[in-house]
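Once you have looked at the hints, place chain X on chain U.
Chains as they are written, first to last, in numbering that gives the first Met the number 0: chain U, 0 to 124; chain X, 0 to 370.
Since the hints were made in silico from the structure, they are not lab data.
Hints may be right or wrong, so weigh each one.
[Unchecked claim] Just the calculated beta-carbon pair ranges, DEER-fashion:
1. GLN33(U) to LYS135(X): 47 to 55 Å
2. ALA44(X) to GLN54(U): 35 to 43 Å
3. GLN223(X) to THR89(U): 27 to 35 Å
[Unchecked claim] Listing some non-contacts, in silico: residues in chain U with all C-beta distances to chain X over 10 Å:
4. LYS11
5. GLU78
6. GLU109
Glycine included, every Cβ here is placed at the ideal spot set by N, Cα and C.
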Amino acid sequence: MASYPAGFKYSKDHEWIEIAGDHGKVGITDYAQQQLGDVVYVDLPEVGAKLKQGQSFGTIESVKAVSELYSPVSGEVTEVNTALKDKPETVNKDPHGSWMVAIKLTSPGEAGALLDATQYQDLVK
Amino acid sequence: MEQATEAPLKKTPLNARHRASGAKMVPFGGWDMPVEYSGLSNEHAAVRARAGLFDVSHMGEIEIAGTDALAAVQRISSNDASKLAVGQAQYSGLLTPQGTFVDDLLVYRLGPAHFLLVVNAGNIPKDYAWIAEQIKPVGDAVAVDASSRYALLAIQGPEALNVLQPLTGVDLSSIKYYWFAHGEVANVRATVSRTGYTGEDGFEIFVPPQSADKVWLALLESGQAADVIPCGLGARDTLRLEAGMRLHGNDIDETTTAIEADLNWIVGWKKDDFVGAAALREQKASGATRKIVGFEMLDRGIARHGYDAYIGDAKAGLVTSGTQTPFLKKAIGMAYLPLEHTAAGSEFDVDIRGRRTRARVVTMPFYKRAK
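Pulled out of the complex, with its shape left as it was, chain U reads as follows:
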């Protein structure tokens, strides 16, 4: 059974966000990487991209399929984890350590609607 960090918030689209102040780092959950299978490609936005909650900010591909990445919050991309370009398989090995983008939240209140670890675990049970 995967463990979902208690300090993260989770979206129903299977992204997690670790929020500190008005910044958050976003990745996909262990459940999402299991569903995808072996990740071979991650396509991420540029620094400065403006995102709306629920909007696609990139794509992730496994050998079999392509999936959209959805932003759990609105904000501006301040940092992109470019290491994933060359080592996309880290998403499978360490999904909750593989952040994809860092976002400066424009509406921090949105995070309140996200799931906590217990709620998310119930969702994917």
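Just chain X now, kept in the frame of chain U:
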């Protein structure tokens, strides 16, 4: 692939085994099938380095028998079945009068007047109806859908022979590529064929459905020392693509002819009339305007089935298969392109979700095993 109907999924005799073993199951061609066991890349690598075991019992088996069975097969199958000795098999096409693919298949000659056709799972009813209709004028030949009488296991990879040999009295080293023999495997009546869909040496084993689980477990046990693992359809697809093998429904279908699919070698040009012959002879004479090619991506990105190919600003073709291969570690695929752009080395663009991405034509297969 999308499910065409809401009908309940069919199950192979190994369905319970797959579920109990924790395989990830998906609908495929109307069947509930394992897409992966331990992970697609891991399974793909195992087949290239050691061996993998596949359940391909969803494949269909249609038998044709009767004194005119050869004539019947010659009529519906594009390849020349008269070249087959008893005990030999060949790859072939089941073609429309336009020379396009109803399906692709393997034709096994079980006896002088008895043939076994192995067809794709999703096409069994369509193929059977087509064959039954087309052979009506032939005389003494009858087609039977015998799919429910066979389970089919595939052991594929360089260790396949060593894993299978201890379980059978059949001398496997004496079976040549695309030949088969009857015997027993794990004390179960079996037909052992030196064929596969992975680009590796290996065997496909036909057994009665009620004994499939016994043979499956025996093969895994025999393969334990060599670390043979069960594999799903995901690895089967990436393995066949690396080997340059066409997939019906992706690379060939009722819109593509055998010539366009670059499968002239499965057309019996010298034999008498067969369904599709006239159209193919005409296209051969006039020249096809497009052809399938293998390609690899030059820019980062993975081209996939259904993506458009561009020459300059003009939409010029279609990607029919594409993936990031776990073994060659690059993005490869197959596409139909205008004939003048099919030479190895010529470049084109693929529209990957709105982004033009450079690709280059390469010679297939992408992967060829060392002899």
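Evaluated hints:
| no. | hint | result |
| --- | --- | --- |
| 1 | GLN33(U) to LYS135(X): 47 to 55 Å | holds, 51 Å |
| 2 | ALA44(X) to GLN54(U): 35 to 43 Å | holds, 37 Å |
| 3 | GLN223(X) to THR89(U): 27 to 35 Å | holds, 31 Å |
| 4 | LYS11 | holds, 21 Å |
| 5 | GLU78 | holds, 20 Å |
| 6 | GLU109 | holds, 27 Å |
Violated hints: none; the structure is consistent with every hint.
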